[in-house]
Amino acid sequence: MSVSFESLAVGDQLPAADYRITRGRLIRYAGASGDFNPIHWNPRVALEVGLPDVIAHGMLTMATACRVVTDWAGDPAAIVEYSVRFTRTVAVPDDGVGATVGVSAVIGELDAAARTARVDLTVKAAGVTVLGKARAVVRFPSG
Amino acid sequence: MVLDQSFVGRTFSPGEPYVVGVEKIREFASAIGDDNPISHDTAAAQAAGHGGLVAPPTFAIAAVAGAQDAVVFDPALGLDFSRVVHGEQRFVHHRPIIAGDVLLCSVTVDAIRALGSNDVLTLRAELTLPDGTPVTTAVSSLVARGTAS
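These protein sequence lines map, in sequence, to chains A and B.
Sequential numbering of the first sequence, starting at 1, is according to my numbering.
Sequential numbering of the second sequence, starting at 1001, is according to my numbering.
Everything labelled a hint here was simulated from the structure, so no lab data went into it.
Please note: incorrect hints may appear among the correct ones.
Unchecked claim - Sample of chain B residues facing chain A (criterion: CB under 10 Å; computed from the structure):
1. ALA1048
2. HIS1050
3. ALA1055
4. GLU1088
5. ARG1090
As the list claims (entries may be wrong) - Have a look at the derived ranges for each label pair, beta carbon to beta carbon:
6. A/ASP94 x B/SER1006: 38 to 48 Å
7. B/PRO1075 x A/ALA126: 32 to 42 Å
8. B/ARG1083 x A/ASP95: 23 to 33 Å
Ideal Cβ placement from N, Cα and C applies to all residues, glycine included.
Using the sequences provided together with the hints, build the complete structure.
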């Protein structure tokens, strides 16, 4: 772990990040996750069901946002809980740029007995919150 | 309400185990843009005290998806999948998912409730090792838009 539990305080900010999600990334995520729902790669199907464009898998947005936490903690095994609400879809245009997901995170709660930190994430695309109640619990080794 | 309420409380037993592959962890981590060496480099994972590559925190969805599909595509449930969106997702990791793990997945229908004009289906997947050791609890809420009446 690259962070010590004793150094943390409620309200501390984690390093924020912007992540690009392109059509290519959607294809890769479809293959890696096994979620081949065509609304994530086929514009014709997306438009037919009333979406403005192909949209990112909610689970890809969830996974992408968590990179702020794993990059900070250093070890993915330290994340013992992670939960989100999917509040808005993320449209991914085929314009060579794609969508940008902006993630900021703050320490919301510390539990000294369990040596855990709750990290509260704010996740936005095009200025709109796309994940609600996004929270990760990070456990730190003892001593 | 068009969903069959008798599904609430039912648990679907594990089918074939999901075997966590080294390359699958690498593929998943790369797909989400995560270059953490603990998910790519076995020596780095071992140096961090793990028995093998550690899966990213949301990798469990790949291991539970098949078992969840068996429930949501059961015609008796009555779910119109073309109307379904993912409402919420929660993972609780009792231990990390490590390359080489053999995972069994049971799925329980925790709730079916109407919320406005929508039906909300809550599924709880429990991933365990063959000896019963708990690995991950994954709770998914699926929203069927406009199906409640």
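Okay, the hints, checked on the actual structure:
1. ALA1048: holds (6 Å)
2. HIS1050: holds (6 Å)
3. ALA1055: OK, holds: B/ALA1055 within 10 Å of chain A, min 7 Å.
4. GLU1088: Holds. Min distance 5 Å.
5. ARG1090: Holds, about 4 Å.
6. A/ASP94 x B/SER1006: 38 to 48 Å: Because 45 Å falls inside the window, the suggested range holds.
7. B/PRO1075 x A/ALA126: 32 to 42 Å: holds (39 Å)
8. B/ARG1083 x A/ASP95: 23 to 33 Å: holds (29 Å)
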